[in-house]
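Chains as they are written, first to last, in the working numbering: chain W, 8 to 194; chain C, 17 to 436; chain F, 134 to 253.
There may be inaccurate statements among the hints.
Stated by the list, open to error - Here are some chain C residues pointing at chain W (derived, C-beta under 8 Å):
1. Arg121
2. Gly125
3. Leu127
4. His128
5. Leu162
6. Phe163
7. Ala169
8. Thr172
9. Pro173
10. Ala177
11. Trp180
12. Ser181
13. Ala195
14. Leu407
15. Val410
Claimed, not checked - In silico lysine to aspartate or glutamate, EDC-like type, Cα no more than 20 Å apart, as pairs:
16. Lys34(C) x Asp117(C)
17. Lys361(C) x Glu422(C)
18. Lys361(C) x Glu251(F)
19. Lys34(C) x Glu251(F)
These are computed hints drawn from the structure, not numbers from a lab. Cβ atoms here follow ideal geometry from the backbone N, Cα and C, with glycine treated the same way.
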Amino acid sequence: MPPEVAFVALALTALAGGVVAVVARNVFRAALGLMLSLFGVAGLFLLQRAEFLAVVQVLVYVGGVCVLIIFAVMLTEREGATMQVTVNRDLVLPGILLGASLALGTAVAVIRAPFVGSPPSAVSARELGASLLGRYLVPFEAVSLLLLVAAIGALMIAREDRREDRREDRREDAREARREAGGRAGE
Amino acid sequence: MGIGTVAGRLDRVFIEGKQFLMDMLSALLPGDWYAALSPVVSALVVSTAVLVFAPVSMMFLTWLERKAVARFQDRIGPNRAGPAGLLQPIADGIKMFLKEDIVPRGADGFLHFLVPALVVAPVFTLYLVLPFGRDMTAMDLNVGLLFFLGASAVQTPLVIAAGWSTRSKYPVLGSMRSAAQILSYEIPLVLVLVAVVMSAGTMSTSAIVEAQEARWFIATPWGLAGFLVFVLASTAEANRTPFDMAEAESELVAGFHTEYAGLKFAMFQMAEFLSAFAAGGLAATVFLGGWQAPPVPGFLAGAVSVVPSWAWFHLKLYAMFFVLIWFRGTFPRFRIDQLLAFAWKLLFPMSLLVIVAAAIWHFGLESGGAPGGTGPGAARELAMWGACLGLLAVGYLGLSAILEREFSRMNRPREMAHAP
Amino acid sequence: MTVTEPYVILAVFAVLAIGGPAASLLVARFLAPHHPGPVKQEPYECGAVEAGDPWGQFRIQFYLYALIFLVFDVEALFLYPWAMVFREAGFAGFVEVMFFIGLLVLAWAYAWRHRALEWE
Numbered sequence: 008m009p010p011e012v013a014f015v016a017l018a019l020t021a022l023a024g025g026v027v028a029v030v031a032r033n034v035f036r037a038a039l040g041l042m043l044s045l046f047g048v049a050g051l052f053l054l055q056r057a058e059f060l061a062v063v064q065v066l067v068y069v070g071g072v073c074v075l076i077i078f079a080v081m082l083t084e085r086e087g088a089t090m091q092v093t094v095n096r097d098l099v100l101p102g103i104l105l106g107a108s109l110a111l112g113t114a115v116a117v118i119r120a121p122f123v124g125s126p127p128s129a130v131s132a133r134e135l136g137a138s139l140l141g142r143y144l145v146p147f148e149a150v151s152l153l154l155l156v157a158a159i160g161a162l163m164i165a166r167e168d169r170r171e172d173r174r175e176d177r178r179e180d181a182r183e184a185r186r187e188a189g190g191r192a193g194e
Numbered sequence: 017m018g019i020g021t022v023a024g025r026l027d028r029v030f031i032e033g034k035q036f037l038m039d040m041l042s043a044l045l046p047g048d049w050y051a052a053l054s055p056v057v058s059a060l061v062v063s064t065a066v067l068v069f070a071p072v073s074m075m076f077l078t079w080l081e082r083k084a085v086a087r088f089q090d091r092i093g094p095n096r097a098g099p100a101g102l103l104q105p106i107a108d109g110i111k112m113f114l115k116e117d118i119v120p121r122g123a124d125g126f127l128h129f130l131v132p133a134l135v136v137a138p139v140f141t142l143y144l145v146l147p148f149g150r151d152m153t154a155m156d157l158n159v160g161l162l163f164f165l166g167a168s169a170v171q172t173p174l175v176i177a178a179g180w181s182t183r184s185k186y187p188v189l190g191s192m193r194s195a196a197q198i199l200s201y202e203i204p205l206v207l208v209l210v211a212v213v214m215s216a217g218t219m220s221t222s223a224i225v226e227a228q229e230a231r232w233f234i235a236t237p238w239g240l241a242g243f244l245v246f247v248l249a250s251t252a253e254a255n256r257t258p259f260d261m262a263e264a265e266s267e268l269v270a271g272f273h274t275e276y277a278g279l280k281f282a283m284f285q286m287a288e289f290l291s292a293f294a295a296g297g298l299a300a301t302v303f304l305g306g307w308q309a310p311p312v313p314g315f316l317a318g319a320v321s322v323v324p325s326w327a328w329f330h331l332k333l334y335a336m337f338f339v340l341i342w343f344r345g346t347f348p349r350f351r352i353d354q355l356l357a358f359a360w361k362l363l364f365p366m367s368l369l370v371i372v373a374a375a376i377w378h379f380g381l382e383s384g385g386a387p388g389g390t391g392p393g394a395a396r397e398l399a400m401w402g403a404c405l406g407l408l409a410v411g412y413l414g415l416s417a418i419l420e421r422e423f424s425r426m427n428r429p430r431e432m433a434h435a436p
Numbered sequence: 134m135t136v137t138e139p140y141v142i143l144a145v146f147a148v149l150a151i152g153g154p155a156a157s158l159l160v161a162r163f164l165a166p167h168h169p170g171p172v173k174q175e176p177y178e179c180g181a182v183e184a185g186d187p188w189g190q191f192r193i194q195f196y197l198y199a200l201i202f203l204v205f206d207v208e209a210l211f212l213y214p215w216a217m218v219f220r221e222a223g224f225a226g227f228v229e230v231m232f233f234i235g236l237l238v239l240a241w242a243y244a245w246r247h248r249a250l251e252w253e
C-alpha cells in the first residue's frame, strides 16, 4: 500500500474524529471522537517512522488527557444537567468564516513551503535518549521542573490546604498518647 | 538444537505452517499480485490465529478458574456440561448470545452498543506483541513493550464511557472508581518496565526475551522486586481480586458493567480475562525468560531442549494466570482507599527504587571487570545482591511504617465521612 | 519494504478486532429476545426506586488522580529513552536522570503532604 493512501486514510480519520469531537451533542460521543482523532495522529507518526512518539501519543493522550478532559467535564456539570452541548446560533457564521480563512491560510502556507522531498528516516528511542542526555540535557531537566510546577500549581488550585487537618491529627496523636500513659499509670 | 532435528521442527511448526500457506498462495497467484497481496494475506493469517487463540484460551481459562476457585473453596465447580464440566464455557457462550439485551431507560443506545465492542479490541492487540515462541511474535515492533502499555491504557476512557452511558448510579460510580484504580496502578507498571528496558537495552519484546539468555531477569534483585511490583500492579489493572473493589458483588453490584446484559457483558468479561492473561504473558516475557527453557544442570539439558519454545511460553503463561486465580481464591479484597494508598504510597516509590536498584546492579557488575572479560566473581555478585536488596528493604520498611501510622490514625473511631 | 509494511498487520488486525465483536453483537441482537418493559428498563438499584440523576456532579478527587497520573506518566515515559542508552550514558547519565526523578519525587511528596493522594 503506497504511503499516500495510508496518509489520506489516517488524515481523514484524524479529521473525522475532530469533527465528531466538536459537533457531537453528547459529551461522551465527543470524547470518543477525540480518541479517534488522536489515534489518527498516532498513525501519522507511525508513517513518519516515529514509533516511540506514536506509542507515547496513545499512552499519554488517549490514556491520560482524554480521561482528564472527561473528568473535568463531568466535574463542571451542575446537578441535573444532562451533559448536552448547546449551540450559540449567533456564532455559527463567524465560526465558519474564521475556520475557512484559517484553513485557506494554512493550505497556502503548506503548498508554498519548500519541503525536502526525501522520505523520513526512523528516529529510534535510542537516539532520543542520547540527545536528551547530551545536547538537550537542559530542556530535559527543565521538563522535570515544569512538571513539578504544573503538579504543584494544579494541586494548589484544586485542593484546599489540609495543613490544619494535619495539625489536628498531631494534636489527636498527642492526646491519645497522654490517655494511654494516664491509663497505664492509673492501673 | 538444529533446524533439521525433530525438536527444531516442532519448535518451528507454526512458522512452517504459515510459510506453507503463503507458498500455496504464491503458487495460485501470478507474481506481482502475490507481491502486492502477500503482506495483507500474511497479516490476515496471523490476525486470525491470534483472534482464534484469544477467545478459545479464554474459554478454557474460565473453566480453569471456576474449577480452581471451587477447589480452593472445598467444592467441585462445574461438572455437568461435558466431562468435568469442560463444555461449560461453550454452554455459557451460547447462553450469552441468547440472552435478552436490556438497555436501561435513558441510556445512550449508540454508546451502549459500541463501547463493549471497543473495549475488547485493544486487549486483543496486546497479544500481537507477545513473543509466543522463537521468532513467533506477531508484530515485532521496536517499541513492543510500550505498545503493550499503550494498548492497556486505551481502556481507561472506555471504562468510564461504559459506566456512564448506562445512566445508572452504580455503573457510573463503579466506572469512575475503576478508572481511578487503572490510572493509579499504571504508573508503577510503566516505571518497573523501565528497569527491564535498562537491562535489556531494547523495548522490543522478542529482543527482551533474547536478552535473558544468560540469566532470567527475575533472578536478579531488581528483577525479583520488579516482578512482585509488576504482578501486583497488573492484577490491579485487570480489576482482579484482591483489587476488584469496583466490581465486587457486595459493593457496587457489578460495577461499570452492571447494566449490560448478554453478549455485551460477555465482552467485558472477555476483556478482563484476556487482559489479565496478557499481563501474565508479559510477566513471563520480561521477567521469566519468555520462551526460553529454564536453566538446568547438564544431565537435564537433553530432556529440556526437546520441549518447543512455544510450549515453554504457554507453560509460564498458564503458571502466571494460575497465580492470579490463586490470589482470587485466597485474599480478601482491599477497600478502595487502601487500594489507592497502596498504589501511590507504596508501589510507586518502590518502582522508583527498582529502577535505582537496577542501575546499582549493572554499574556494580559491569564496572571494574575488563569489557568482554570473564565477568564478575561470585563475591561481587553477592555484594550487589546485598546492596540492591538492602536499598529495597529500607524503602519498603520506611514506607510501610509511614503507612501504618496513617492507617491507624484513620481507623481511630470518629465520625464516618460519606463516600459517593 | 515501503514505510507502511510493518504496520499492515496492525491495520488489518484493528479492523478485525473491532469488526469481529461488533458483528457478534449484531448477530446477538437478532438472536436474542426483545421484550422491553417499564420495570425491566429501570436502572438497577437493588430494588429501590431510582433516586436522583446519576449524571450529576461528583467528587474532585477523581480529577486529582487523573492529574497526578498525567504528570507522572509523562515523567515515566521520559525515562524510556534514557533506559535505552543507560549503559552508554554511564554514571553521569544516571546522575542526570536521578535529578530528573528527584524533582518529581518532590512533587509526589508535596501531593502526599497535602493529602491529594487520599480517597477521602
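Going through the hints against the structure:
At a threshold of 8 Å, the smallest CB-CB gap from Arg121(C) to chain W is about 14 Å, leaving the interface hint violated. A hinted interface residue such as Gly125(C) counts as satisfied when its beta carbon comes closer than 8 Å to some beta carbon of chain W; here the least separation is about 11 Å, so the hint is violated. The interface hint given for Leu127(C) holds, since its Cβ lies 6 Å from the closest Cβ of chain W, which is under the 8 Å cut-off. With 8 Å as the threshold, the beta carbon of His128(C) stays out of range of chain W, its nearest partner Cβ sitting at about 11 Å, so the hint is violated.
For Leu162(C), the shortest C-beta to C-beta distance to chain W is roughly 4 Å, which falls under 8 Å, so the interface hint holds. At a threshold of 8 Å, the smallest CB-CB gap from Phe163(C) to chain W is about 5 Å, leaving the interface hint in force. Hint status for Ala169(C) relative to chain W: holds, with the closest Cβ pair at about 3 Å, below 8 Å. Taking 8 Å as the C-beta cut-off, the interface hint given for Thr172(C) holds, the closest approach to chain W being about 5 Å.
At its closest, the beta carbon of Pro173(C) sits 5 Å from a beta carbon of chain W; the interface hint therefore holds under the 8 Å criterion. The closest approach between the C-beta of Ala177(C) and any C-beta of chain W is roughly 5 Å, which is under the 8 Å cut-off, so the hint is satisfied. With its C-beta approaching chain W no nearer than about 6 Å, Trp180(C) sits inside the 8 Å limit, and its interface hint holds. Below 8 Å, beta-carbon pairs count as interface contacts, and Ser181(C) has one with chain W at about 6 Å; its hint therefore holds.
For Ala195(C), the shortest C-beta to C-beta distance to chain W is roughly 6 Å, which falls under 8 Å, so the interface hint holds. Hint status for Leu407(C) relative to chain W: violated, with the closest Cβ pair at about 22 Å, above 8 Å. With 8 Å as the threshold, the beta carbon of Val410(C) stays out of range of chain W, its nearest partner Cβ sitting at about 24 Å, so the hint is violated. Restraint check for Lys34(C) and Asp117(C): not satisfied, since their Cα atoms lie roughly 39 Å apart, outside the 20 Å limit.
A hinted pair counts as satisfied when its Cα atoms are at most 20 Å apart, and Lys361(C) with Glu422(C) qualifies at roughly 11 Å. Taking the CA atoms of Lys361(C) and Glu251(F), the gap is near 10 Å; set against the 20 Å cutoff, the hint holds. About 52 Å separates the Cα atoms of Lys34(C) and Glu251(F), which puts this hinted pair outside 20 Å; it is violated.
Checked against the numbered hints above, the structure breaks hints 1, 2, 4, 14, 15, 16, 19 and satisfies the rest.
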